[in-house]
Amino acid sequence: MEIQKIPLRKSIKFLTLLLTSMLVATASATVYYAMLEQSKSTVAVTPVYFTTGNDSSGILTLGTNNTYASLSLNAYPNATLYYEQAVNLTATAAKEVRLRHVSISPDDGDQSVSNFTSVVFRLIKADSTQVGTLTYTTTGDDWNEPTTPTSYVAIGASEEWTMKIEIKAAAGAYIGISTTIVIAVDVK
Amino acid sequence: MSSNPLFSNTLGRLSVSKEKETPSHKKIRLLRWLVLTACVFLGYSLQSVTGNVYYSIVMRAHGTVASSPVVLGEGTAGNSIIYTNNTSAKVWTGTGDFNYVLNLTESQGFNWKVRLSAFDQSNIDRLYNCSIYIYDGSNSTQILISNGVYSQPTGPWYDLAASGTDYIWMHVETSSAGTSYVYAYLEILTPETTTYARYVITFEIL
Numbered sequence: 001m002e003i004q005k006i007p008l009r010k011s012i013k014f015l016t017l018l019l020t021s022m023l024v025a026t027a028s029a030t031v032y033y034a035m036l037e038q039s040k041s042t043v044a045v046t047p048v049y050f051t052t053g054n055d056s057s058g059i060l061t062l063g064t065n066n067t068y069a070s071l072s073l074n075a076y077p078n079a080t081l082y083y084e085q086a087v088n089l090t091a092t093a094a095k096e097v098r099l100r101h102v103s104i105s106p107d108d109g110d111q112s113v114s115n116f117t118s119v120v121f122r123l124i125k126a127d128s129t130q131v132g133t134l135t136y137t138t139t140g141d142d143w144n145e146p147t148t149p150t151s152y153v154a155i156g157a158s159e160e161w162t163m164k165i166e167i168k169a170a171a172g173a174y175i176g177i178s179t180t181i182v183i184a185v186d187v188k
Numbered sequence: 189m190s191s192n193p194l195f196s197n198t199l200g201r202l203s204v205s206k207e208k209e210t211p212s213h214k215k216i217r218l219l220r221w222l223v224l225t226a227c228v229f230l231g232y233s234l235q236s237v238t239g240n241v242y243y244s245i246v247m248r249a250h251g252t253v254a255s256s257p258v259v260l261g262e263g264t265a266g267n268s269i270i271y272t273n274n275t276s277a278k279v280w281t282g283t284g285d286f287n288y289v290l291n292l293t294e295s296q297g298f299n300w301k302v303r304l305s306a307f308d309q310s311n312i313d314r315l316y317n318c319s320i321y322i323y324d325g326s327n328s329t330q331i332l333i334s335n336g337v338y339s340q341p342t343g344p345w346y347d348l349a350a351s352g353t354d355y356i357w358m359h360v361e362t363s364s365a366g367t368s369y370v371y372a373y374l375e376i377l378t379p380e381t382t383t384y385a386r387y388v389i390t391f392e393i394l
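The listed protein sequences correspond, in order, to chains A and B. Using our numbering, read the first sequence as starting at 1 and increasing by one per residue. Using our numbering, read the second sequence as starting at 189 and increasing by one per residue.
With the rest of the complex left out, here is chain B (with noise of 0.2 Å):
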């Protein structure tokens, strides 16, 4: 170990208490130590001005509860029942046509476009057949299953009319028993827009 003061000092506090400890000593021991303070608290104060640089643009989106612009209605063939506030619903049918099993109102004197689109589904294997439309007047293929798979899963965008009425029908063929399901969308799109409504539909086909 050295003899020097000095050196000794900064190799730590048990050489020193090896040695006389001098006015000086104790200066530069509380030197270091508020010279380290004052590194922490520069180091501080920049992390602080750092992580703070940015601005702010503001949205405000007030968003209220409004009747929806088209109802469900249950159909004539089939069965149906028609949930909460009219939109969403679920279906029953077997084989054959049906002609309607649900049909869809506007209620709120404005044109808007329909479509239905498949976003799920389960045993449809069994499906031989399965042909969902939407009809006033003109019929659009909405839905289609052949031989147990999609070959239409989403239809194109039909015209619902202010205050008017469209029908949702089925042909249905089977090649075996069993329970399938068919989870629908009723998209309802505004026209000249991207902004469109979703209404849940459960077809059960037996």
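The shape of chain A in the complex, shown without the other chains (with noise of 0.2 Å):
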């Protein structure tokens, strides 16, 4: 057929389909991966996952399949305090691991927030290694927290690594005053 057979409308309408049908595809691949995203809390078995360290007890509870961790955690008045294996994370295939602010409360203004000095989530490998930090510091009543979060670090199958977390509150800081933060290790 000759090129100039083909009439410019049809051939306009024709691309006009195919970018439609494009950007379709695209959408249905972006719902398709929010849709794994809501099923991971059903995966039986996740292959990176949440467990107990040497500083667990009392101060970790482990949600289902271990993918949520909540932590209770003191901070004493002009003393830092160690935890040293707050807690754990093992994987049971190779895959990389990365620490990602969330949230934290209370939010910048608030006056209980120049209680605290300082947290901060150290990432440490079974061979003692750190590879991530995340550090949230104060400055009056608002806080410093991270803006990235870190590299992702290659974990092998079966190991286990831990969450090391230092917290300090301020001299004369207020007995009660708490604070959350939210972390997501991101696996991939």
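Source of the hints: derived by calculation from the structure; they are not laboratory data. What you are looking at is a predicted structure, and each value in this text was computed from that prediction instead of being measured. Be a bit skeptical, because a hint or two may be false.
For lysine-lysine, the following DSBU-like pairs were computed, each having C-alpha atoms within a straight-line distance of at most 30 Å [claimed, not checked]:
1) B/Lys301 / A/Lys125
2) B/Lys278 / B/Lys301
3) B/Lys215 / A/Lys13
4) A/Lys125 / A/Lys188
5) A/Lys13 / B/Lys214
Take the two lone chains, each set in its own frame, and fit them into one complex as the hints suggest.
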């Protein structure tokens, strides 16, 4: 067929259809990904999950499938408290992991923020090498949160890493004041 | 330059301008841009999907300000100052025995283990013998400086009983005049764990 005989309008329609189908395909892919995120809590065994460490007794509660960890920590005024093994990370397959800040409360501007000096989360490999750190400090009533995730680091199958937490309250801090920090461990 | 309009068109706009533009030229040019747009669109779409392949497990850390389990108290020898919340202190001594320069008292009714660990210093060359002990019926040598160098920077864990009190005392000999500083942590270990607190204690030795 000679190209001159292809109606221009039909070509445009065809390409518009092509682009639209690609857009639909892309949107479908995104939705499919989101569905995977939703279904992760129902997976029986995830390749990387939380486990108890040496310091977990009395401070750690694990959620379903060990994909959620809740820690209850103390902070002493004008002293630093170290939880060397607050919670562990166990891998059943070779993956890559990183730490990512999600949220912190109370929000900036709240007077109770100044009761804290710092909270540091350190991801420690089995050989004691530190491979990621999220550091939270305060300036007056505001938090200085980590703005970027840590780099992805390879974790081998059957390896068990730990999370070390260092927490310090300010001199003169009021007893009972609390903060909640939510961190994601991204796995790929 | 070729006289073939199709060939000329592929070489660029300047070439085309020299030829008479036919309807097929317009179609080809339009199709070229549409295909290019489709490629860019496709590339962008693929990039977005690839960048989001991971899952997350979530950790929630709830920290609460609590009373420290061990509080520092002033000694009866040398001079000392206890800072806010009784969790850091500074001690001044000269030469001789100083029994005692600080005390540490358990305040929550639990057993703990304590030790001293030097983490910094200045001008300790003049310290011929600087020995820092924890005492509660028996001596535990915690920090030992002999002839200006550490022979023991960190002491062994020592029991601090529930509601009990331990004492820090020092023996100092110097080889010359001056002022030396030893910066140490008092580390308080929760038994059967690796959880510990650190208090900063500064020893100023004249």
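Consistency of the hints with the structure:
1. For the proposed pair B/Lys301 and A/Lys125, the alpha carbon gap of about 27 Å is at most 30 Å, so the pair holds.
2. Proposed proximity of B/Lys278 and B/Lys301 is supported: the alpha carbons are some 21 Å apart, at most 30 Å.
3. A C-alpha spacing of about 13 Å is found between B/Lys215 and A/Lys13, which places the hinted pair at or below 30 Å, so the restraint holds.
4. Among the hinted pairs, A/Lys125 with A/Lys188 is consistent with the structure: their alpha-carbon atoms are about 17 Å apart, no more than 30 Å.
5. Restraint check for A/Lys13 and B/Lys214: satisfied, since their Cα atoms lie roughly 16 Å apart, inside the 30 Å limit.
Every hint, counting from the list given before, is met by this structure.
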